[in-house]
Amino acid sequence: MTEATDRLHTTTPSPFIVSFDNLNSANYASLHQPQHSHSRQTSLASSTVSRTASIILSPTTTAAIHPLQGERAAPSSKPSVTLNQPETGTETRLSTLLSFTALSLGLFLVALDTVLIPTALPTISLSFHIPDSLYAWTGSAYLLVNAASIPCWGTLSDIFGRKPMILIANAVFFTGSIICATSVNAPMLVTGRAVQGLGGGGVNVLVYVCVTDLFAIRLRSFYLSIVGAVWAVASALGPVLGGVFAEKLNWRWCFYINLPITFVATLLLFFTLHLPSTRMPLWAGLRSLDWPGTFTILSATLLLLIGLQLGGQQPNTYAAPGVICLIVFGIILFIIFPFTQWHAERSSAPDLSTSEKTVTEGGRPHTNPLMPLHIFRSLSNLCALGVCAADALVFNSIAYFVPLYLQLILALSPSTSGVYMLALAIPLALVSFASGWIMRKTGRFIEVLQIGLALMTIGVSLLISLSSTTSGAHAKVIGFLVLLGIGFGPNFHAPLLALQAKTKAADMGAATSAFGFVRMVSGAMGVVIGQVVFSLLLHPHLDSFREAGVDAGLAQRLSGGQAVSEARNVAGLPEMQRIAVRRGFGESLRGTWIFYAGVSGVGLLVSFGIVRVRMKSEGEEVRNSSVRE
1 MTEATDRLHT TTPSPFIVSF DNLNSANYAS LHQPQHSHSR QTSLASSTVS RTASIILSPT
61 TTAAIHPLQG ERAAPSSKPS VTLNQPETGT ETRLSTLLSF TALSLGLFLV ALDTVLIPTA
121 LPTISLSFHI PDSLYAWTGS AYLLVNAASI PCWGTLSDIF GRKPMILIAN AVFFTGSIIC
181 ATSVNAPMLV TGRAVQGLGG GGVNVLVYVC VTDLFAIRLR SFYLSIVGAV WAVASALGPV
241 LGGVFAEKLN WRWCFYINLP ITFVATLLLF FTLHLPSTRM PLWAGLRSLD WPGTFTILSA
301 TLLLLIGLQL GGQQPNTYAA PGVICLIVFG IILFIIFPFT QWHAERSSAP DLSTSEKTVT
361 EGGRPHTNPL MPLHIFRSLS NLCALGVCAA DALVFNSIAY FVPLYLQLIL ALSPSTSGVY
421 MLALAIPLAL VSFASGWIMR KTGRFIEVLQ IGLALMTIGV SLLISLSSTT SGAHAKVIGF
481 LVLLGIGFGP NFHAPLLALQ AKTKAADMGA ATSAFGFVRM VSGAMGVVIG QVVFSLLLHP
541 HLDSFREAGV DAGLAQRLSG GQAVSEARNV AGLPEMQRIA VRRGFGESLR GTWIFYAGVS
601 GVGLLVSFGI VRVRMKSEGE EVRNSSVRE
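Residue numbers are given in the UniProt record's numbering: position 584 of the sequence shown equals residue 584, and the series is strictly consecutive.
It should be emphasised that the hints constitute simulated quantities derived from the structure, not laboratory data.
Accuracy of the hints is not assured; some may be wrong.
What the hints assert, rightly or not - The list that follows gives simulated cross-link-like pairs (lysine to any residue, SDA-like), each with its CA atoms no further than 20 Å apart:
hint: 1; residue 1: 248; residue 2: 419
hint: 2; residue 1: 476; residue 2: 461
hint: 3; residue 1: 163; residue 2: 264
hint: 4; residue 1: 248; residue 2: 441
hint: 5; residue 1: 476; residue 2: 597
hint: 6; residue 1: 163; residue 2: 248
hint: 7; residue 1: 248; residue 2: 264
hint: 8; residue 1: 163; residue 2: 271
hint: 9; residue 1: 476; residue 2: 410
hint: 10; residue 1: 163; residue 2: 175
hint: 11; residue 1: 248; residue 2: 461
hint: 12; residue 1: 476; residue 2: 583
hint: 13; residue 1: 163; residue 2: 95
hint: 14; residue 1: 163; residue 2: 261
hint: 15; residue 1: 476; residue 2: 572
All values derive from a computational prediction rather than experimental measurement.
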């Protein structure tokens with residue numbers, strides 16, 4: 001729950017409960033006096049009201065008043081301790097811009113590191129002579145820890161405040177980057193990647209949480225579109241940049257590049273981000289953490305993703321008892337997780353609402369559920385998370401497999417592949433900005449989202465027509481990438497707005513954490529599942545590879561999870577061997593595109609379960625255009 005909501009729930013009416021019904025958007029930036037309200041308001045001294053109105057009317061309206069729900073905090077039925085928070089959010093347009101820029105820089109690096117390493121792995125492997133047992137974990141350690149830690153960061157920010165936790169997350173990511181850049185052996189590199197992932201998980205989710213706290217819902221749609229574009233562009237360019245760094249510079253630059261940018265971003269956040277913050281003692285905050293839920297979700301995520309990662313390395317590995325146990329135990333723990341959240345909610349005082357479960361009269365902390373179950377009782381919220389999962393699964397896979405097609409079948413270098421991937425990144429960024437502007441002006445998001453999902457489905461379906469021949473393939477793949485970029489554009493932020501539209505202010509942090517968790521896990525699973533489909537379809541072609549004279553070890557690596565990193569070796573094969581490999585890859589990729597086209601279609605169908613609402617502008621109530629739950 002947000003810190004500002006904690007401050008509102010006190011035994012006496014708060015001077016900061018001001019209705020947005022009274023605000024006129026035409027004089028949004030200049031109004032400094034309270035207007036007459038048609039709802040009950042607290043009587044205050046005029047100076048206090050003026051100062052409060054100025055805070056609320058700043059361009060960085062915080063979550064103290066949730067502009068979408070338009071709810072007023074009611075006094076608690078029982079006394080509670082009021083958390084000490086500052087009276088203002090980010091106070092100036094300049095500081096808001098600087099803090100948002102710093103948040104975007106941090107997210108860009110986190111997204112980049114998610115996909116940067118696979119194409120640099122062959123060079124890294126030559127430096128350290130990485131054994132097969134550690135090869136895959138050099139890339140996977142980051143992704144696993146990143147995804148598993150996301151729910152914990154969201155809850156910790158609810159307890160200790162957004163700013164302290166985003167600074168800590170940046171510091172952890174910075175430390176992990178130093179370890180990776182200065183690694184002297186493979187275990188040190190894998191450890192550094194895990195530390196990077198821990199910090200990256202915090203940056204990943206807290207950027208969205210901070211943007212949610214900084215901006216009112218209409219304005220938020222525009223800034224979230226920028227955040228989505230930043231993530232998408234980094235994800236699209238990351239695989240190619242990794243190859244360029246390894247090819248033209250040194251693989252250590254994959255990590256050195258993080259250091260100055262993270263340092264600058266952290267300094268900017270320290271001086272410019274002024275969100276309300278709690279003053280809960282460390283021990284009390286740790287006691288209020290949902291430890292059973294934290295352990296369960298961490299274990300479930302790690303077991304499932306490790307099992308999928310191990311199973312995806314070779315087509316027949318999923319039959320191994322160890323892999324089966326990891327996947328089964330991971331699924332069982334995911335089933336148990338809702339019961340831990342139910343118990344966490346029950347363990348709180350029964351006479352306190354969700355927004356008051358932080359500190360009671362005697363200072364005894366109540367458990368903060370990682371993901372309150374009532375968030376998921378709304379069909380609209382479930383559909384929004386389903387769309388998020390489908391979009392993340394398809395996008396991450398496109399960012400992985402399209403460079404594979406470009407380098408293995410079209411025989412492009414990593415740097416040239418990067419130029420081709422701009423056909424995805426540039427339209428995506430432009431459409432993301434444009435869709436955010438449209439949502440801000442109209443207050444509607446579902447129509448924009450569904451158009452994007454439809455275009456995404458069409459674009460992925462068109463990829464099925466690509467073959468192993470290069471005739472006309474260059475123009476076709478560029479055109480398909482442009483269409484995909486247009487389709488992906490609205491899909492990074494519109495599902496989050498749909499989720500927030502049906503979420504109370506007190507649950508905004510938890511809901512945003514759940515969104516980030518679903519996106520990260522789905523993206524990781526999408527690539528792994530795609531590798532499994534690809535490997536299964538490629539396996540029958542291994543005999544033709546051997547008949548053409550392809551080395552057995554290379555053929556085995558190509559059928560596993562190292563196809564992208566082996567692309568340069570394929571380019572150096574004799575012509576007959578290259579033709580055999582490209583034919584096998586082209587047919588296998590066609591089956592992979594069919595799978596992702598099906599996932600895209602499911603995402604489009606699920607989007608029709610999202611409730612159509614109009615996001616409120618300043619001074620408006622939310623108008624539900626179809627179903628009000």
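Now for the hints, and whether the structure bears them out:
A distance of roughly 16 Å separates the Cα atoms of residue 248 and residue 419; the hinted pair therefore holds under the 20 Å criterion. Distance check on the hinted pair: residue 476 and residue 461 sit about 13 Å apart at the alpha-carbon level, within 20 Å; holds. Proximity of residue 163 to residue 264 is assessed by CA-CA distance (about 15 Å); at most 20 Å being required, the pair is judged to hold. Distance check on the hinted pair: residue 248 and residue 441 sit about 45 Å apart at the alpha-carbon level, beyond 20 Å; violated.
A C-alpha spacing of about 17 Å is found between residue 476 and residue 597, which places the hinted pair at or below 20 Å, so the restraint holds. Between the alpha carbons of residue 163 and residue 248 the distance comes to roughly 38 Å, so the proposed pair goes past 20 Å and is violated. Of the supplied pair hints, the one linking residue 248 and residue 264 is violated, its CA atoms being roughly 26 Å apart against a limit of 20 Å. A C-alpha spacing of about 10 Å is found between residue 163 and residue 271, which places the hinted pair at or below 20 Å, so the restraint holds.
Our distance criterion of 20 Å between C-alpha atoms is met by residue 476 and residue 410, whose separation comes to about 12 Å. With a C-alpha separation of about 18 Å, the suggested pair residue 163 and residue 175 falls inside the 20 Å cut-off, and the hint holds. Of the supplied pair hints, the one linking residue 248 and residue 461 is violated, its CA atoms being roughly 35 Å apart against a limit of 20 Å. A hinted pair counts as satisfied when its Cα atoms are at most 20 Å apart, and residue 476 with residue 583 qualifies at roughly 18 Å.
With a C-alpha separation of about 14 Å, the suggested pairing of residue 163 with residue 95 holds against the 20 Å cut-off. A C-alpha spacing of about 18 Å is found between residue 163 and residue 261, which places the hinted pair at or below 20 Å, so the restraint holds. A hinted pair counts as satisfied when its Cα atoms are at most 20 Å apart, and residue 476 with residue 572 does not qualify at roughly 25 Å.
In the structure shown, a violation is registered for the earlier hints numbered 4, 6, 7, 11, 15, in ascending order.
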